[in-house]
Amino acid sequence: MPQTPVSSDSAQDSQDTITREINQLHADYAERRAAGAPAEDEVALDFAPYRSSILRHPTKDPRHVDPELIELTSPAFGHTDVGPIESDLTISERGEALGERMILEGRLLDADGRPVSGQLIEVWQANAAGRYIHKRDQHPAPLDPNFTGTGRCITDSEGRYRFITIKPGPYPWKNHMNAWRPAHIHFSVFGNAFTQRLVTQMYFPGDPLFPLDPIYNSIVDQDARDRLVAEYDHELSSPEWALGYRWNIVLNGSKSTWFEAEGDEA
Amino acid sequence: MNEETSRVALKPTAGQTVGPFFGYALPYEGGPEVVPPYRADAVLLHGVVYDGAGAGIPDALLEIWQADASGRISKEPGSFNRDARTFTGFGRAATDAVGHYQFSTVVPGPVTEGGAPFIAVTIFARGLLDNLYTRIYLPENEDANARDPLLASLSDAERATLIAVRDEDGNLRHDIHLQGEKETVFLEFRR
Chain B
934 MPQTPVSSDS AQDSQDTITR EINQLHADYA ERRAAGAPAE DEVALDFAPY RSSILRHPTK
994 DPRHVDPELI ELTSPAFGHT DVGPIESDLT ISERGEALGE RMILEGRLLD ADGRPVSGQL
1054 IEVWQANAAG RYIHKRDQHP APLDPNFTGT GRCITDSEGR YRFITIKPGP YPWKNHMNAW
1114 RPAHIHFSVF GNAFTQRLVT QMYFPGDPLF PLDPIYNSIV DQDARDRLVA EYDHELSSPE
1174 WALGYRWNIV LNGSKSTWFE AEGDEA
Chain V
6 MNEETSRVAL KPTAGQTVGP FFGYALPYEG GPEVVPPYRA DAVLLHGVVY DGAGAGIPDA
66 LLEIWQADAS GRISKEPGSF NRDARTFTGF GRAATDAVGH YQFSTVVPGP VTEGGAPFIA
126 VTIFARGLLD NLYTRIYLPE NEDANARDPL LASLSDAERA TLIAVRDEDG NLRHDIHLQG
186 EKETVFLEFR R
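The listed protein sequences correspond, in order, to chains B and V. Note that our numbering has the first sequence beginning at 934, numbered continuously upward. Note that our numbering has the second sequence beginning at 6, numbered continuously upward.
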């Protein structure tokens, strides 16, 4: 690998440099796999092509512990916290958001395939032009006054969620010269245990920016990357109104499944 | 992925960084106030989140989850619309321009008899590709802390990264170092 860059936010490197580093790290993983190492399903914390990670990843191995009771339970959210209209990002008091309207549905599951019901999902995203409403976003693309790009919902008894939104555009960032993020929606999810807390990003099928993006590629396993990509579902599309995408979220296994399975609400 | 999901081992969805723009989506009014700061038993829990160069991280987000003062774990919703009565046990705070965070909360009691109480913490930040877990133990619980399996397994320097200190005003001060000499002990949970 080339020498480690000193500044975590310098936009000096070319896309070629970043792509070469990504490909090298993926080749290293392929070698580990070929030597019999297990699949790496989780994101790497130390992934230098994502320059901001250089000074922000722990260098020591995490300490393995048995979770305690507080960690095997989760904060509760309910309809006192989240109203039903918060899952529709396309409506505002003044009018409708611009862009390609989409229905996004899926299920929140644990590693045994059990639905995670009554839990909170929060989403945020850029608008159709690839611009976030956040004041730090300097991308000279139009803001949409009718689109804030934030939504919330509580999963139903089958772990289902459903958002109505606009397909986000790709947006430029300063990781390196001419850096563009693939279109994505940020997801923040609570499980049945605090240890299942997940923040991730959902992508769209066939994005040409995939091979170039250091964040997406920080998951070195192709199957694990594929699990972050929604599926276009024509059955879910609504005639003359919106396109349907489906994406399931699977939380890691937790001893809380035992805890909860014992079934008392006390 | 499809709907063939019952009773099969599924691969987990990998994490991705919270990115730079969570600030208009995740923090919310009252998020850092697990209990109102005017309550007699309220304690200020605060500190700085540092990167490997010793700079405060201005775009980090902390969440805490804890029992109440008697050690009871809440199952109450209401963290987004706090009513000043219900203890939900959950708090969320973004760091400010110099990496400082603060919560208003109560000192948790032991969840199990004789156990060392702690505040469970998870950390998100731009540049941090997945959330990290750690714990904040209380400095006054010396005996229980000495018996705690995690704390007992650590060197003195490591242990110090998990125990808050009382500052001169009686607040709980707890810094978090993502990297470097004082790197905080982060946790991976056995399943």
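Source of the hints: derived by calculation from the structure; they are not laboratory data. Any given hint could turn out to be false.
[Said to hold, decoys possible] FRET-style restraints, in silico, Cβ to Cβ:
1) V:151 to B:948: 51 to 57 Å
2) B:1174 to V:159: 56 to 62 Å
3) B:1011 to V:151: 38 to 44 Å
[As the list claims (entries may be wrong)] To give a feel for the contact side, a few chain V residues facing chain B, derived at Cβ under 8 Å:
4) 44
5) 46
6) 57
7) 84
8) 112
9) 114
10) 117
11) 138
12) 146
13) 150
14) 152
15) 155
[Unchecked claim] Sample of chain B residues lacking proximity to chain V, with all beta carbon distances greater than 10 Å (derived):
16) 952
17) 1000
18) 1055
19) 1089
20) 1105
Note that CB positions come from ideal geometry on N, CA and C, so glycine has one too.
How the hints compare with the structure:
1. V:151 to B:948: 51 to 57 Å: 54 Å, holds
2. B:1174 to V:159: 56 to 62 Å: Holds, at about 57 Å.
3. B:1011 to V:151: 38 to 44 Å: 39 Å, holds
4. 44: Constraint on residue 44 of chain V not satisfied, violated at 20 Å.
5. 46: 19 Å, violated
6. 57: With Cβ-Cβ at 4 Å, under 8 Å, it holds.
7. 84: 6 Å, holds
8. 112: 14 Å, violated
9. 114: 11 Å, violated
10. 117: 7 Å, holds
11. 138: 7 Å, holds
12. 146: 14 Å, violated
13. 150: With Cβ-Cβ at 14 Å, over 8 Å, it is violated.
14. 152: 13 Å, violated
15. 155: 5 Å, holds
16. 952: 18 Å, holds
17. 1000: 4 Å, violated
18. 1055: Non-interface label fails for residue 1055 of chain B: nearest chain V Cβ at 6 Å, not farther than 10 Å.
19. 1089: 15 Å, holds
20. 1105: With a cut-off of 10 Å, residue 1105 of chain B remains clear of chain V, as the shortest Cβ separation is near 13 Å.
Hints 4, 5, 8, 9, 12, 13, 14, 17, 18 from the list above are not met by this structure, while the remaining hints are.
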